[in-house]
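2 protein chains.
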Amino acid sequence: MTRTDEIFLALDYGGTKLSAAIARRGEREWLAIDRHMSRREKDARYEQAEMLALAHKLLGDRKPAAIGVSFGGPVDAAHGRVILSHHVPGWEDTPLRAQLQSEFGAPASVDNDANVAALGEYTFGAGLVETFAKRVTSLLYVTVSTGVGGGWVIGGKIWNGADAMAGEIGHTIADRNGPLCVCGRHGCVEIMASGTAIANRAKELLKENPGKGKELRELCGNQIDQVTGAMVAQTANSGDELAQQVMDDAARALGFGIGTAITLMNPERVVLGGGITKSGERWWSVVRESARSNTLPQHRINIIPAAFSDDAPLWGAIALAESVIKNQ
Amino acid sequence: MTRTDEIFLALDYGGTKLSAAIARRGEREWLAIDRHMSRREKDARYEQAEMLALAHKLLGDRKPAAIGVSFGGPVDAAHGRVILSHHVPGWEDTPLRAQLQSEFGAPASVDNDANVAALGEYTFGAGLVETFAKRVTSLLYVTVSTGVGGGWVIGGKIWNGADAMAGEIGHTIADRNGPLCVCGRHGCVEIMASGTAIANRAKELLKENPGKGKELRELCGNQIDQVTGAMVAQTANSGDELAQQVMDDAARALGFGIGTAITLMNPERVVLGGGITKSGERWWSVVRESARSNTLPQHRINIIPAAFSDDAPLWGAIALAESVIKNQ
Chain A
4 MTRTDEIFLA LDYGGTKLSA AIARRGEREW LAIDRHMSRR EKDARYEQAE
54 MLALAHKLLG DRKPAAIGVS FGGPVDAAHG RVILSHHVPG WEDTPLRAQL
104 QSEFGAPASV DNDANVAALG EYTFGAGLVE TFAKRVTSLL YVTVSTGVGG
154 GWVIGGKIWN GADAMAGEIG HTIADRNGPL CVCGRHGCVE IMASGTAIAN
204 RAKELLKENP GKGKELRELC GNQIDQVTGA MVAQTANSGD ELAQQVMDDA
254 ARALGFGIGT AITLMNPERV VLGGGITKSG ERWWSVVRES ARSNTLPQHR
304 INIIPAAFSD DAPLWGAIAL AESVIKNQ
Chain B
4 MTRTDEIFLA LDYGGTKLSA AIARRGEREW LAIDRHMSRR EKDARYEQAE
54 MLALAHKLLG DRKPAAIGVS FGGPVDAAHG RVILSHHVPG WEDTPLRAQL
104 QSEFGAPASV DNDANVAALG EYTFGAGLVE TFAKRVTSLL YVTVSTGVGG
154 GWVIGGKIWN GADAMAGEIG HTIADRNGPL CVCGRHGCVE IMASGTAIAN
204 RAKELLKENP GKGKELRELC GNQIDQVTGA MVAQTANSGD ELAQQVMDDA
254 ARALGFGIGT AITLMNPERV VLGGGITKSG ERWWSVVRES ARSNTLPQHR
304 INIIPAAFSD DAPLWGAIAL AESVIKNQ
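Each protein sequence line maps, in turn, to chains A and B. Count along the first sequence from 1, then add 3; that gives the number in this note's numbering. Count along the second sequence from 1, then add 3; that gives the number in this note's numbering.
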């Protein structure tokens, strides 16, 4: 029994941003969507109150048929509990699914943001195989922005791992002689390939090489400490050699990590999202070449851009909500 | 409807050895088992004739309810086709499932040997969680003998990958400055951690260090070119320092690869089989320490010995045969 007037509620606890949206079952456009920047004085209870207000405003007097949730931190998806937030204190061991089910009187499903974004791309975005109007069997989603995160969809389902710790491609090693990562090891993909890593490496090279990086220096107004990953990407595209070197090294490290993941899991497709993936064709070429050279010849290299820019977690939350109804 | 007199046929095309066994449905002992060393003049058609003769001898006038097959080479499991054999020429693109179904008049399922061994350990061996009389949710099986191979069981099923190329942990990189592998890259886990790699490294060190490796030299009768991985393992256990160094380096490379796999997939358990895993407690300690140091603190390190020594592929074939019946 499918009621076409049913509404799904999607929530994305993004750390710096709270997003909520509603969509009619089976439709691929938002009925309503709203975003709210988090306040500076961050706290779990306050954040949850903001999110509930956002959701109630969207819903009005309508009741959702099911709720899907993307959360920025590790989640015990089987029990619907947040383990902790990467951004906001006070979320430790929170029964978020139970809270939402009680608040809205509807079944809910909660998972980690990289996993939910992977499911969103799989279900509604880059996971679709257009020629055959079907989906790939497996997909690795990698988000490359301030950090590097990842999520797996295998056989149509999120693969969380045994302890909600799968998909940590950012902490596979690309170069054991690389810089020290916050995790205590050297040369993780994240410390070599993220936006933060790109900015830091560019700053180092600008300081070490006073005669190089003319365009990048101009763009940052000679305020080397203000250099961002986006500035490096932009000047690399317009031909700044120092910026190109930094971007190439970052792309090579990311491609190495993706190659390792392909060698181990042979996914049908790898989907890359996040700000750094807007860096232009040269960056993509180096990522693909590096992945190719870190796999066996029989391994397929199918690395494509994400279909969504910001909404992958929200659409993934819709897919979670649909699966809750199906499994009831 | 379960008929307790039903018989399953398990076949293992192992390259140097052909094995066939039959078991009654639900029983955990062989009704009959037979093995046949492959002849030197290897050929797919001859090998298949030998295997069929072996199976018919075991079955007598009984008809199997289903057939499970472990094959030493890449397999297109979805279509039951052998892609090629790693050991025997002439197997290229063979419809093995169709051949067996026609020969025995029973449904069959075929997969790659590392995958089938993983399923065998998962279903009947190291995948069992004894305290709770249930199974783990996910398992990486790694075989460490002349080469290093791997297979995944995720959510109770073999994960083949999109092109039957998943589980190639032997060709993830442990050390980019390591020796050249047959795959064309440097420092693959296989070229650093396999029995072949251990023997080769020991030979090198014995030649370079005339005063070292006393016990290993004695064991091989000063025939350095005759040194095997098993000899290195044995003398490492009895205290030969050169042999210990070789074994430690090999264990460290293997642990590094396992750590990468854990970081990416967070399996509930990692199961190690193959001759090199008989190398003693020191080897296991170094493997576990190396895996631990190549993961995040939140990643579980649960690395245990395989329950079967030789029969994992045959028991996995029984599990495949059972799944054929269930899915009918």
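Treat the hints as calculated values from the structure; they're not laboratory data. In this text, all values refer to a predicted model and were calculated from it rather than measured experimentally. Warning: the hint list may mix true and false statements.
The list cannot tell twin chains apart, which means a pair is met if one copy fits it or any two copies do.
[Unchecked claim] When the alpha-carbon atoms are kept at most 30 Å apart in a straight line, the in silico BS3-like pairs for lysine-lysine are as follows: (1) 329 to 160; (2) 137 to 206; (3) 329 to 281; (4) 329 to 137; (5) 45 to 217; (6) 137 to 210; (7) 215 to 20.
So which of those numbered hints doesn't the model satisfy? 2, 3, 5, 6, 7
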